[in-house]
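Protein chains: 2
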Amino acid sequence: MKKAVVLLSGGLDSTTTLAIARGNGFACYALSVDYGQRHAAELAAATRIGQLLQVCEHQFLKLDLTVLASSALTDPSVTVPIHGTNRGIPATYVPARNTIMLSLALAWAEVLGSQDIFIGVTAVDYSGYPDCRPDYIDAFEKMANLATKAGREGNLLKVHAPLINLPKHDIIRRGLELGIDYSMTVSCYQADASGWACGQCDACHIRRAGFAAANIPDPTYYQDKR
Amino acid sequence: MKKAVVLLSGGLDSTTTLAIARGNGFACYALSVDYGQRHAAELAAATRIGQLLQVCEHQFLKLDLTVLASSALTDPSVTVPIHGTNRGIPATYVPARNTIMLSLALAWAEVLGSQDIFIGVTAVDYSGYPDCRPDYIDAFEKMANLATKAGREGNLLKVHAPLINLPKHDIIRRGLELGIDYSMTVSCYQADASGWACGQCDACHIRRAGFAAANIPDPTYYQDKR
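Chains D and Y, in that order, are what the protein sequence lines are.
Whatever position you read off the first sequence (first residue = 1), add 178 for our numbering.
Whatever position you read off the second sequence (first residue = 1), add 178 for our numbering.
Just so you know, these hints were derived from the structure itself, not from any lab.
Computed from a prediction, not measured in an experiment: that's the story for all the values here.
Please note that a few of the clues may not be correct.
No copy labels: a pair is met if it fits in one copy or bridges any two.
To be verified - Distance condition first, Cα-Cα at most 27 Å in a straight line; then the derived DSS-like pairs of lysine-lysine: (1) K327 to K240; (2) K320 to K336; (3) K403 to K327; (4) K181 to K403; (5) K320 to K403; (6) K403 to K336; (7) K336 to K181; (8) K403 to K180; (9) K240 to K403; (10) K180 to K327; (11) K180 to K320; (12) K327 to K181; (13) K336 to K180.
Take these sequences, add in the hints, and give me the full structure.
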């Protein structure tokens, strides 16, 4: 079995990505990065998902970006924006987040002798994020193949972004086909300690709209449905 | 004054790079990454150098790569190779190290509104490292400009690698012109707690040979000269 490093946040997209990697026959090594998020609920969800989907190994890397960054996701003094109030690049954007996470995945892939990295970015719902677009993923892959022993020796690394062109409702349908229980995942930017979602932030809005568009009951634990 | 993020390990190359950035008129923000190195001497040197060269701000980021990697620099069970015993890519290679460090510099540059990152890689002395070559630096820069808000908006980021084509003796001459006291820097892979260099590892060998080739007395504190 070929090994793959899968970036796993515990949200809907990365969980579906892990299920896809597994469904494609890869031995999956999950990597979760705690870059100073405000909610432990996300990492708790990642732990659950790693166990449920039986990854070969699950590593958690702590990297406190709060000393560098001051975005809504890492700085408690900044309010998470309510959906619809921001334009362009969201205020919840963490600088260079995907570049940092892919770099860490690259390091582990090299150690494992893996040539495959999976990341659950999607260009459709999060079009405001520059590092979720196909040209970015291609550029990272090119750089990575010049950065490593393996790439230089012709064992080319592939960055898989299987959701990149899928709208949320198609991601949800794909995940349900693969047997995912989405009530176990947490997408919310400000979930409470038990993993209940706020129902108000951009991530909650996109998730709710996705289940509605897929015409599938939304199993998410929302605080306003408690 | 334009701001620059400068990656600073406290070794000869990164210290010279910082002096060059400063000499070019940049307001310098030093970033040191503790990726699980075995010696605290390197970080102590970085602290000293940051103070001596009067950086605007100096951030230390802790990132324990030892959970992922098992190279000589991070795994205490692996012996640091004595110079001349290894071929091709050195055993002291840390997977994706420069990619990770440049990614963190990219994050800080974006937060600071800086379009300039300095890194002290050199393709001459460390030709075994894939991520020290010009084509790698170019590829990182291309990727970075697709990864960030600033790059997408046309405010292009530049990755400066001013030493990349210089042999060690030219780096040393350049640094002395800029007033660097190289006795304050630590290059050794296994310096002791006080910063005394082993004199035996690849880094020590290259450093010693550099001073010899420059025909300049080597001010390094070597354990075998104690």
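*Failing hints, ascending?*
3, 4, 5, 6, 8, 9
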